[in-house]
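Student: Residues per chain are reported as follows:
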Amino acid sequence: MPFILALCCWFYERLLVAYPAEFKRDYGLAMAQLFRDEARSHLVQGKTAVFIYFLIRTAFDLIKTIFIEHIESTFNVNLEGSTMSYHDSVNSLADKPKELEHLYHQAKKAGHGNLFKQAIEDIFNSEPQNQLLSAWYHRLNYATSQAKLFVVNWQWVIPLAIFNGYWFWLLSDGTYWIQVNPGQQSATDFLPTIFLWGASISTLFILIYFNMATQKSWVKTAVFSLVPVALATFVQFIYPQSGIRPFQEQYLTISIFHLTVMAWVSVGAYLLFSHRDAKSRMQVLLKSMEIFIVLGVFFTALSIFFGITIGLFAALDIEFSDSLLRLIYGGGGGLLIIITAAIVYNPRLTPAEQELNQGFARLMTVIMQALLPLTLLVLIIYIAFIPANFRAPFDNRDVLITYNIMLFAVVGLIIGATIFRPANLSPIREKWVKRMIIGVAVLTLIVSLYALSAIIFRTINDRLTPNRLTIIGWNIVNIGFLIWVLALQFWGTPEAWVDQLYKAFSQGTAVYAIYTASIIVILPLFFGINQGQIENLPARIQDIVYTEPSPVLLKCASSPHIYLLNGGEKRWVEDIQTFNERGYVWGDVNFVSCSDLQSIPDGATIPIDAGSPPQPEG
Amino acid sequence: MPSTSPDPNSFLPLSPAVFNILLALADKDRHGYGIMQEVKTRTAGRVQLGPGTLYGAIKRLLDKNLIEEVGERPDPELNDERRRYYRLTSFGLKVLRAEAARLDTMVQQARGKNLLPGQSPNPIWTH
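One line per chain: the protein sequences are A and B, in this order.
Position 149 of the first sequence, counting from 1, maps to 149 under this note's numbering, and the rest follow consecutively.
Position 51 of the second sequence, counting from 1, maps to 51 under this note's numbering, and the rest follow consecutively.
FYI, nobody ran anything at the bench for these hints, they're computed from the structure.
Even glycine gets a Cβ: it sits at the ideal position worked out from N, Cα and C.
Any given hint could be a false lead.
If you anchor each label on the Cβ, the simulated ranges turn out as follows [what the hints assert, rightly or not]:
hint, chain 1, residue 1, chain 2, residue 2, range
1, B, Asp-7, A, Pro-97, 53 to 61 Å
2, A, Gln-106, B, Leu-103, 41 to 49 Å
3, A, Arg-276, B, Leu-93, 52 to 60 Å
4, A, Gln-215, B, Leu-103, 40 to 48 Å
5, B, Asp-7, A, Gln-106, 17 to 25 Å
6, B, Asp-7, A, Pro-128, 20 to 28 Å
Every beta carbon over 12 Å from chain B, so not counted as near; a handful from chain A, in silico [as the list claims (entries may be wrong)]:
hint, residue
7, Trp-10
8, Tyr-19
9, Ile-63
10, Ile-68
11, Ile-178
12, Phe-195
13, Thr-221
14, Phe-490
15, Ser-518
16, Pro-551
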């Protein structure tokens, strides 16, 4: 019996960690004692069924109240009661400066700063001669005037959001879609232009708003907003030069993600221009995550609302026009991006002064920290299963893609889980959060190395593509980042572990930005087509160059000779033995007309000493 | 000093848990387990407060100044630092009285409709 009691109490005390830290600190001991008393009284009665009912009831109570306490502490709302007042307390302490100060801090801690201020104002108005209340009145009003600096300037936000929404609506029109595969008409053969330009245009309007709100530097705004616009222009006009059609498609798809990242980097660089310390970089990183999450929530709400609306009208056989649908989803999306940035980020404050203890930022911390142990568990189980399915990512592209998405998500999780002030955590919880972050980083590093070896294996056995080069690069960057995170933890003092993490994140972000820009600019150079070499080739041959992977082998039906197209010239392959030794396969041979083949100038033979190359006959 | 206390009626209605906790503290100071036992006994087990509900409500009642924590220990035998004693404040008593009066009015109204046990039901239900 004592063992069962001790076990239940031990387990209950462990579960109390799920409450908000402040609540657990204030009431955890008392709750554990209460549970012990109640459990003991049930066990003494010896009724097993009653005891089990008590445990079930307590479990439900635990789940319900954990939810309530987190919601209340996160959003500063009161789910369980009516309005409250500090009037009596302030009244009784109106001549006790020390106690009044203490009450104020308690009220602030409980998220009741406004109620305290209201009480001070009411009592001061009835007792204007009270000097202590007078001092408090002016102190709180000054604080309010400072806090009110975060006013969303709707008179600028709304027009800018409408402009952004207009561009989203316009560029999502089919007229402006990019045809990736000429001659093909399926949806996957086109790319809406807004995918390339959306982030860059939004950056322009976000930075215009930030600058209007702060009146700082239009030159700086122009420079940072034009960088993503210039990159989007580069991609738009360079993609036809980037290799064969599949490579062009890959480059465009890769560019969508990387242009979005570069747009975010530009906004971050604008905000950090005069604040380059690690904390400021970390704050911008965290605020960005908050913007993405809030935007996701807004867009989901918008989609659900209009999804239902469209469904209701469809039931009456009323279909929304394409233009109206683009206005709702495209235009609405563009509108929401500007509004979200404006309501989440306060441009009047420095990055280090941004608020991260309210709203979604705080909720994000709770979610991320709750996901940490789950991620750790999943990674451990996953790694345990790898030996049994070792070849899966080597053989299956989809598995590899899933791996890489997971690795990015875990890196995001590690960053998000550190949005907390260590002073707010109990030492035990802080120790466990640290251990879990390091554990997740170590396991992610192992999985990253495994994924990297799989993609390198696939590349060696097939060929290098823009997708593979990009992912290999990202894997290396992520692995370097994780090693750096762990190294800084190893070298740094245990007390400064959060600072070391922030340092790694801020430096890692800079590397991510450089790599992202490099990918956009360098990929076409690696996988490009020299237009000068192919522009004089017959149309059919040019089409093969754009659509078929290297090596491009050519043959005409009535001739036994096979030629390698290389640098705008045809190179005769001497015999079948050479053909096989070079690793060519019949599947790579393209049949063209003999006249087209004859019109291509001769290049060096294969091997080089094969003699005078014969011309295809027919 | 003129009174600037809020109207106790602005706190009404109280949730059943809050009302029962205030009622438990109406006659003496109690610790958490004492409150739980008192409520359970008085309601014949119909209201059983879990630890989370109890201390969540206590936190809010402290914030609202309806109860306060007592420094001294009324029960020396249970003088354990994990046991924290609570007392109804004067304002809490006002709120409790206001809620009791509100409930009383409602019971009177129910009595006027002959809905309480032992009363003849309203004729409309005998059709």
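Student: Would the non-interface assignment of A/Thr-221 survive a Cβ cutoff of 12 Å against chain B?
Tutor: 45 Å, holds
Student: Return holds or violated for the Cβ distance of A/Arg-276 and B/Leu-93 against the range 52 to 60 Å.
Tutor: 59 Å, holds
Student: Within 53 to 61 Å: is that where the Cβ-Cβ distance between B/Asp-7 and A/Pro-97 falls?
Tutor: 29 Å, violated
Student: In terms of Cβ atoms, is chain B entirely out of 12 Å range of A/Tyr-19?
Tutor: 8 Å, violated
Student: Please check whether A/Gln-215 and B/Leu-103 have a Cβ separation lying inside 40 to 48 Å.
Tutor: About 59 Å separates the Cβ atoms of A/Gln-215 and B/Leu-103, which means 40 to 48 Å is violated.
Student: Is 20 to 28 Å respected by the C-beta to C-beta distance linking B/Asp-7 and A/Pro-128?
Tutor: Holds - the Cβ-Cβ distance for B/Asp-7 and A/Pro-128, about 23 Å, lies within 20 to 28 Å.
Student: So A/Ile-63 supposedly isn't at the interface. Is its beta-carbon more than 12 Å from every beta-carbon in chain B?
Tutor: 9 Å, violated
Student: Could you let me know if the closest chain B CB is still more than 12 Å away from the CB of A/Trp-10?
Tutor: 15 Å, holds
Student: Is the Cβ of A/Ile-178 more than 12 Å away from each Cβ in chain B?
Tutor: 57 Å, holds
Student: Kindly confirm whether 17 to 25 Å is satisfied by the beta carbon distance between B/Asp-7 and A/Gln-106.
Tutor: The hinted range 17 to 25 Å holds for B/Asp-7 and A/Gln-106, with Cβ atoms some 23 Å apart.
Student: With d taken as the least Cβ-Cβ distance between A/Phe-490 and chain B, does d exceed 12 Å?
Tutor: 40 Å, holds
Student: That 41 to 49 Å hint for A/Gln-106 and B/Leu-103 (C-beta), does it hold up?
Tutor: 31 Å, violated
In terms of the numbered hints stated before, the structure departs from hints 1, 2, 4, 8, 9 and 10, listed from lowest to highest.
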